[in-house]
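Asks: Build the full structure now, drawing on both the sequences and the hints.
Protein chains: 2
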Amino acid sequence: MKPSRPNLSELARHLGVSIATVSNALSGKGRLSPELARRIRDAADKLGYVPSQAGRALRTGRSGVLGLVLPDIGNPLYPEIAQEIERVATGAGYGVLIANSRDEIAAQDKAIFQLIERGVDGIVIVPRRGTTVPETRCPIAIIDTPTTPRNTVSADHFAGGAEVAGHLAALGHGRVLLIGDDPSSNVQNARISGMRSKLSGVETETIWIVELEARHGKGCALGLADWRKRGFTAFACVSDPHALRALTELQSAGIAIPAEASITGFDNLQWSSFISPPLTTLKMNMPEIATLALDALVEAIQSRETSDDTPSPPVTARKAAVPMELVIRRSSGPAPSAGFSQEESKHA
Amino acid sequence: MKPSRPNLSELARHLGVSIATVSNALSGKGRLSPELARRIRDAADKLGYVPSQAGRALRTGRSGVLGLVLPDIGNPLYPEIAQEIERVATGAGYGVLIANSRDEIAAQDKAIFQLIERGVDGIVIVPRRGTTVPETRCPIAIIDTPTTPRNTVSADHFAGGAEVAGHLAALGHGRVLLIGDDPSSNVQNARISGMRSKLSGVETETIWIVELEARHGKGCALGLADWRKRGFTAFACVSDPHALRALTELQSAGIAIPAEASITGFDNLQWSSFISPPLTTLKMNMPEIATLALDALVEAIQSRETSDDTPSPPVTARKAAVPMELVIRRSSGPAPSAGFSQEESKHA
DNA sequence: CTGAAAGCGCTTACAG
DNA sequence: CTGAAAGCGCTTACAG
Chain A
1 MKPSRPNLSE LARHLGVSIA TVSNALSGKG RLSPELARRI RDAADKLGYV PSQAGRALRT
61 GRSGVLGLVL PDIGNPLYPE IAQEIERVAT GAGYGVLIAN SRDEIAAQDK AIFQLIERGV
121 DGIVIVPRRG TTVPETRCPI AIIDTPTTPR NTVSADHFAG GAEVAGHLAA LGHGRVLLIG
181 DDPSSNVQNA RISGMRSKLS GVETETIWIV ELEARHGKGC ALGLADWRKR GFTAFACVSD
241 PHALRALTEL QSAGIAIPAE ASITGFDNLQ WSSFISPPLT TLKMNMPEIA TLALDALVEA
301 IQSRETSDDT PSPPVTARKA AVPMELVIRR SSGPAPSAGF SQEESKHA
Chain B
1 MKPSRPNLSE LARHLGVSIA TVSNALSGKG RLSPELARRI RDAADKLGYV PSQAGRALRT
61 GRSGVLGLVL PDIGNPLYPE IAQEIERVAT GAGYGVLIAN SRDEIAAQDK AIFQLIERGV
121 DGIVIVPRRG TTVPETRCPI AIIDTPTTPR NTVSADHFAG GAEVAGHLAA LGHGRVLLIG
181 DDPSSNVQNA RISGMRSKLS GVETETIWIV ELEARHGKGC ALGLADWRKR GFTAFACVSD
241 PHALRALTEL QSAGIAIPAE ASITGFDNLQ WSSFISPPLT TLKMNMPEIA TLALDALVEA
301 IQSRETSDDT PSPPVTARKA AVPMELVIRR SSGPAPSAGF SQEESKHA
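Chains as they are written, first to last, in full-length UniProt numbering: chain A, 1 to 348; chain B, 1 to 348.
FYI, nobody ran anything at the bench for these hints, they're computed from the structure. Model, not experiment: these values are computed from the prediction.
Same chains, same names: a pair is fine if it fits in one copy or spans any two.
Distance condition first, Cα-Cα at most 30 Å in a straight line; then the derived DSBU-like pairs of lysine-lysine:
id	residue 1	residue 2
1	K218	K283
2	K283	K198
3	K229	K198
4	K46	K110
5	K110	K29
6	K218	K110
Replies: Rendered as structure tokens:
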């Protein structure tokens with residue numbers, strides 16, 4: 001029956017001071033005598049005073065909450081983004097409300113407006129491929145690719161692609177198969193373009209899994225053993241799950257990795273270092289991406305004091321493209337010299 | 001310069017009615033003439049009225065927001081839980097605030113209290129292994145294992161384990177290696193116990209990866225080829241990533257799956273159906289788990305009208321254990337008859 | 001250095 | 001069937 005948690009005025013009454021003074025003491029705003037301030041803070045701690053977000057939000061017009069919109073789960077990368085965004089946001093005093101832009105494309109807009117209705121101060125979005133982020137009064141930080149319109153920050157997918165490709169070329173691979181999933185993805189296109197940029201001297205082909213699956217059904221074989229027979233000794237994939245699919249398909253066909261074929265992925269997922277052989281891949285610098293995105297977003301929120309009707313200008317970060325780190329593991333190795341049997345190169 | 005978004009009183013002034021009437025019309029609470037109600041709703045739509053969460057929260061004492069606490073990302077399963085919780089919560093009119101119980105164990109309590117400070121009405125938590133969820137005034141739904149104290153709902157990990165084990169036994173495997181990661185995990189223990197329960201006739205050993213890694217370093221080989229030589233023909237893992245590690249290790253050692261050894265996982269992760277061979281695994285019914293957890297949580301919130309100081313009683317669901325579905329794929333097959341070469345069984 | 005007062009936007013008895 | 005009024009908990013000029 002005791003007042004479970006005191007509010008400001010109960011605290012003030014208990015201390016025999018005014019409610020404004022308590023507020024000032026707790027926020028450190030108004031100038032008041034150091035002893036009083038400490039006395040108030042001690043009492044607040046002891047009585048377990050917790051400020052009401054609702055009261056504060058109503059008064060200040062700020063909720064202290066950010067929205068995070070992620071595409072539907074399928075990309076195992078999202079947890080890492082979410083984790084980093086949450087970490088940085090918490091550090092900046094914000095809460096993070098999640099929303100899901102499920103399968104349907106329209107869901108992304110709906111998710112954004114739902115978040116706005118909930119009163120978020122700003123939004124971080126990783127857009128679904130093939131969508132445009134609507135312009136709103138609420139500042140939105142976009143994490144996609146450096147060339148996406150209104151993009152805020154992202155990994156430098158192109159440079160990352162260039163880096164793996166350079167690695168494969170240096171290993172002597174003369175025929176490289178590029179494996180993408182969906183050509184409508186900005187990220188995947190950037191990675192593939194980057195890879196091609198360093199593969200000018202070598203023969204290159206590109207396959208897109210969604211196109212194969214449209215013809216042969218979900219989970220169909222990629223026909224990689226055939227590509228291997230045609231002399232393709234390196235298989236560069238746009239993400240680790242696809243690299244995994246390639247790796248197990250080749251291993252099942254009796255092709256030894258890396259002796260007879262090299263495989264690379266992207267994203268450095270948890271399991272990529274535990275499989276046999278461990279996967280060569282590229283790692284994003286998520287902590288930095290999250291930090292840059294949130295710094296930019298918070299700045300946009302704060303400079304948006306006036307509540308007029310104009311849409312928020314694009315949220316821009318100090319740096320748009322964060323380098324990726326090439327992680328070389330055993331799934332990539334020297335090209336078999338003849339290009340047909342790895343044993344020849346070993347015994348050369 | 002136009003009032004960017006109207007509030008209740010602007011809407012009322014615009015319509016020439018009282019603010020209370022507008023509120024009643026929009027919430028459908030007070031009885032008022034149908035025509036007026038419709039007129040008010042139309043105007044609200046046209047002017048883009050969006051109720052202020054802060055105002056409502058301050059008045060009603062409810063934020064309409066739930067907290068979700070997940071262990072640190074490492075388990076690729078969390079996105080699916082998060083997605084389902086978000087979906088069901090949105091359907092019930094709640095927003096979802098995420099929090100991360102990072103590496104340190106104490107972080108879990110901190111995450112919970114942060115959420116409470118933010119004013120959440122209730123919390124869903126998937127506890128880190130080896131932790132106890134603190135008792136708070138705020139209702140908390142726990143998703144762990146049926147035997148965890150104060151557990152609300154979870155998959156029936158034990159029954160799931162029993163099911164795969166039964167499957168392997170039926171395939172004639174006489175020696176089964178159980179592969180766990182960390183013996184301090186409630187979920188993993190339930191799965192392993194379940195498996196053992198159906199393996200009474202067969203020879204069984206259990207290895208824990210963290211223990212191997214403590215001795216030989218992160219990412220060390222599991223020595224599975226040796227177990228295979230000792231006649232173990234089935235490798236039953238507590239989750240898909242471990243199954244993947246086992247599968248690639250065996251494949252790299254030249255052991256054919258499923259001809260020479262069977263492998264099973266848990267959780268039916270995205271890629272488990274795309275690898276070669278596709279993985280036999282168990283699938284949780286996340287939509288149902290999320291629904292049961294949230295139904296129970298919302299009920300606990302609503303019955304908690306009185307704001308006294310007692311901790312919330314455990315949140316209990318209509319059903320504590322949701323069955324898992326065995327998904328049989330090609331990674332599991334008949335035991336090689338001699339137990340040493342699969343060719344013999346083929347040519348038998 | 002401290003306090004009285006207004007007001008953020010809403011909902012809910014209550015009065016007419 | 002509709003309206004006037006109180007009040008949720010806070011912060012912020014402003015007055016003393």
